[in-house]
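Residue numbers (the numbering used here), protein chains in the order written: chain L, 2 to 337; chain E, 21 to 304; chain H, 609 to 933.
These aren't lab readings, by the way, just hints derived from the structure by calculation. One should not assume that every hint holds.
Computed footprint of chain L on chain H, listed as stretches where at least three residues anywhere in the stretch have a Cβ under 8 Å from a Cβ of chain L [unchecked claim]:
#1 690-696
#2 802-812
Here are the simulated SDA-like pairs of lysine to any residue, each with C-alpha atoms no more than 20 Å apart in a straight line [to be verified]:
#3 L:LYS126 with H:ALA690
#4 H:LYS619 with H:SER656
#5 H:LYS687 with L:SER245
#6 E:LYS35 with L:GLY134
#7 L:LYS126 with H:LEU666
#8 L:LYS126 with H:PRO667
For glycine and all other residues, C-beta sits at the position ideal for the given N, C-alpha and C.
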Amino acid sequence: MLAALLRRFSRLLWVLAGITVIVFLFLRLAPGDPVELMLGQAGDATEAEVQRLRHEYGLDRPLPVQFLYFVGRAVRGDLGMSITHQRPVSRVIADYLPATAELTLFSLALGLMVALPLGVWAAMKRGSLWDTGGTAVTLLGVSLPGFFLGILLVLLFGMTLEWLPVSGRIDYGVALRPLTGFYLLDSLCTLNWRAFGSAFQHLLLPALAMGATMAALTMRMTRAAMLEALREDYIVFARAKGLSERTVAVRHALRNALIPVVSVVGLQVGALLGGNMVIETVFSWPGLGRLCVEAVHARNYPLVQGIVLLYAVTFVVVNLVTDVLYMVLNPKVRVG
Amino acid sequence: MRELVVVWGQLRRNKAAAVAGVALALLVAAALAAPVLAPHDPLEGDLSVRLAPPVWSGGTWAHPLGCDQHGRDVLSRLLHGARVSIFVGLVVVLASAALGTALGLLAGYYGGWCDRVISWLVDTLLAFPYLVFAIGMMAVLGAGLVNIVATLTLKGWVPFCRVVRGDTLVVRTREHVAAAKALGAGDGYILRREILPSVLPSVLVLATLTVATVIIMEASLSFLGLGVQPPTPTWGGMIAEGRNYILNQWWLSTLPGVAIVAVVMSTNLFGEGLREALDPRLHD
Amino acid sequence: MDALLDVQGLKTHFGSGEHAVRAVDGVDLAVQAGEAMGLVGESGCGKSMFARSLMRLLPPNGRVVAGQARFRGEDLLAKSEAEMCALRGSEIALVLQNPLTSLNPTLRVGVQIGEPLVAHGVARSHRGARGRVLELMRAMHLPSPEEHYRQYPHELSGGMRQRAVIAAALACRPSLLICDEPTTALDVAVQAGILELLREIKDRHGAAILLISHDVAVVNHLCERLAVMYAGRLVETGPTRDVLAAPKHPYTQGLLQCVPRLRTRREMVPISGEVPDPAALPTGCKFHPRCPLVEPRCLDSEPPLAPVGEGRLARCILYEQGRSL
Chain L
2 MLAALLRRFS RLLWVLAGIT VIVFLFLRLA PGDPVELMLG QAGDATEAEV
52 QRLRHEYGLD RPLPVQFLYF VGRAVRGDLG MSITHQRPVS RVIADYLPAT
102 AELTLFSLAL GLMVALPLGV WAAMKRGSLW DTGGTAVTLL GVSLPGFFLG
152 ILLVLLFGMT LEWLPVSGRI DYGVALRPLT GFYLLDSLCT LNWRAFGSAF
202 QHLLLPALAM GATMAALTMR MTRAAMLEAL REDYIVFARA KGLSERTVAV
252 RHALRNALIP VVSVVGLQVG ALLGGNMVIE TVFSWPGLGR LCVEAVHARN
302 YPLVQGIVLL YAVTFVVVNL VTDVLYMVLN PKVRVG
Chain E
21 MRELVVVWGQ LRRNKAAAVA GVALALLVAA ALAAPVLAPH DPLEGDLSVR
71 LAPPVWSGGT WAHPLGCDQH GRDVLSRLLH GARVSIFVGL VVVLASAALG
121 TALGLLAGYY GGWCDRVISW LVDTLLAFPY LVFAIGMMAV LGAGLVNIVA
171 TLTLKGWVPF CRVVRGDTLV VRTREHVAAA KALGAGDGYI LRREILPSVL
221 PSVLVLATLT VATVIIMEAS LSFLGLGVQP PTPTWGGMIA EGRNYILNQW
271 WLSTLPGVAI VAVVMSTNLF GEGLREALDP RLHD
Chain H
609 MDALLDVQGL KTHFGSGEHA VRAVDGVDLA VQAGEAMGLV GESGCGKSMF
659 ARSLMRLLPP NGRVVAGQAR FRGEDLLAKS EAEMCALRGS EIALVLQNPL
709 TSLNPTLRVG VQIGEPLVAH GVARSHRGAR GRVLELMRAM HLPSPEEHYR
759 QYPHELSGGM RQRAVIAAAL ACRPSLLICD EPTTALDVAV QAGILELLRE
809 IKDRHGAAIL LISHDVAVVN HLCERLAVMY AGRLVETGPT RDVLAAPKHP
859 YTQGLLQCVP RLRTRREMVP ISGEVPDPAA LPTGCKFHPR CPLVEPRCLD
909 SEPPLAPVGE GRLARCILYE QGRSL
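Excised from the complex, chain L in its bound form (with noise of 0.2 Å):
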């Protein structure tokens, strides 16, 4: 199994780099020039100044050579300037990364809650109504642009029966002492079972919104794999040894109709960073995804690459995790 890891390792730095290239170019491909946006709302500088910024951002250089220039800040954290807020953009994305980072785990465990239970279920139930129904609910999951089904969520669940918060991370006037920046657990810290309860209603519907997708698809994953599952002869064996069905289902069946599933939510999560982006502007969240559009409105390149760099970085680490959960869940691989 070492080896597999190293190897998978290997290939994590190669993809680092290639994406580290990507947002480079990006960078350089954005209209005007960097310096000049970067000083251009700070008022007027002196051609003296700009050269400066230009010789220490290495712009003079060749392309290859800035490109090491940027690899070697992005490394130390120096991911730029944001250009509207006037302060660097690690600095910037710190503070804005809690609430997306609250959201998407929030999101991810509800739709991991609802869809594998859902799954298991629907293929314990194979041809009946109940199965065709989650087939539908499955496919229309799959079929709603994240953004659309949070407005129907706001039109239904905020505007017409007002049983839910669409705005925000909490309610306006709770006061909540910030330790960790995810508010659920700085709630529970101190605690304080008021903010708690309002944060957690204010997360209801963007995550809702932003895993359906991902719970629709991986349901039906988790159906496919229970079904082949059941289908092997240690199934057969299992029955034969009188195990009453429950425990053939989730001790034999369940076990390695797992394994792949694992991997396919590495890849949902994906699809969750994704939408974070709209979801968080539906639902004026105040986290990277709203950030970063309302970046790309005030052309503030650094900042966008910089969150669209992070994005992707984490989408990378998170399939690593996965790949190696698929190897410690895997028998077969990890003594092999």
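Starting from the known structure of chain L, fit chains E and H onto it as the hints suggest.
Chains E and H alone, transformed into the frame defined by chain L:
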């Protein structure tokens, strides 16, 4: 040709896919005929019928689906918006399929450095979630139809490449390929006549399903204001514009969304039906 | 003395209507307590489906459409699923052909052997069952049981895996053990060991064994009686020694002529033709297209099983009128 007949028969039997296929054909026809079909000019507004409700909510048949805040007929805008969505969907998928298939064939057939470079490119592009990549590129290129098509194609070719590469690796070890080589066939001939036909079914299925993905991408980008710019009507753009009026004039945002869902669902159903029809039959 | 297992007229079909596949087409079979009965036939004759029908573990589109299977007097085919669950693994056990695919690759061997003990309440938990599982593994002559207990199926050799499977089957001391081609997937050298093990189980634990195999030699090694199956029906039954010494049915004769024998230099004569497609069975006697002794009457009707000697039956027109060969 024989195979086409078998597939067609298979498809006809799958009712859901058949219905979906018909629905799609109608939608495409409607979109193409939009300039003729649409009752009003999608760009010209009549402020006297501003925010008129649809026909089931108290409106008139002159504007069956109501009007937006500028007095523009929603039905006409929906039809014209369909043109954008379907155009982008088809062009991006065709270009992606062509590019991806070509690169996949090369990578799978020649292996070695060619494969390593292409695979690296594939892995790298896959690291970006589709919409994130699109937003990043559109930020840099600027909005517009050509830019959207280019951006979506730039990442859209990747799934095709992976599938074709995988299939090529399998097919190239088959007997008919070895036989052709033994007869002195050149690489180009083998790729075109021996490998490509075996690979096409997967490409076709993937293409159909990708149309759905691309339409959602285009709508998302338009929703964010990064797509084809107003005043050209786009479904995503209409949803965005209708948000301010969501409480009382909910149809402004909802109807374009329903249109998107209808097209995407039909495409998915048809694609799944196609996959079932093609799958075990042509792959041996 | 009532038979432990008494099957009458069992029919198992797949699908329905005209094109139904008649996998088992009317089988009568009796197994006495403590006896080893062999069921022989080529692949596709329906013997595996027969076994699965008894256990009520058929694939999704298969169903038993007729017949009875009395186990200790009670019809297995009439029992509820819950009642069958209680019987499976405790009174009646099934061993399948391929030990690698019989075991769940993600669970440890020891846990899988102990499952029947926990499921039927003999042990409270897997930890509690461990002692008995190790005992079983030793009884199956598995070397270093503690080590193998913790391992996963793919870490064991084919022979050891099959011993583990048999251990699991025997965990609750069933009175009937059904083995479906238990040695087919194993090397010849390992086969003998498994057969010895089965004999030991029969002699020492008094379990009745229904041994299903396409290999007559395997059946000969272990079983006192044997039944020959063809196209879903039995064509000959009787004491193993007698049947093999003087087979009465042309199919049995053909089978025995196909078997390579070391000591006698004899021509191997394969049976002409192929096993019929269960969805399109021949009319009349199912074997007539391949029978060297076929007569015109064989196409009309299928003869019943007729007595041909002490405790022997054969389904052939030659014996219908008391003629013998």
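Going through the hints against the structure:
no.: 1; hint: 690-696; in the structure: holds (count 4)
no.: 2; hint: 802-812; in the structure: violated (count 0)
no.: 3; hint: L:LYS126 with H:ALA690; in the structure: holds, 18 Å
no.: 4; hint: H:LYS619 with H:SER656; in the structure: holds, 13 Å
no.: 5; hint: H:LYS687 with L:SER245; in the structure: holds, 16 Å
no.: 6; hint: E:LYS35 with L:GLY134; in the structure: holds, 16 Å
no.: 7; hint: L:LYS126 with H:LEU666; in the structure: holds, 17 Å
no.: 8; hint: L:LYS126 with H:PRO667; in the structure: holds, 15 Å
In this structure, the one hint that does not hold is number 2.
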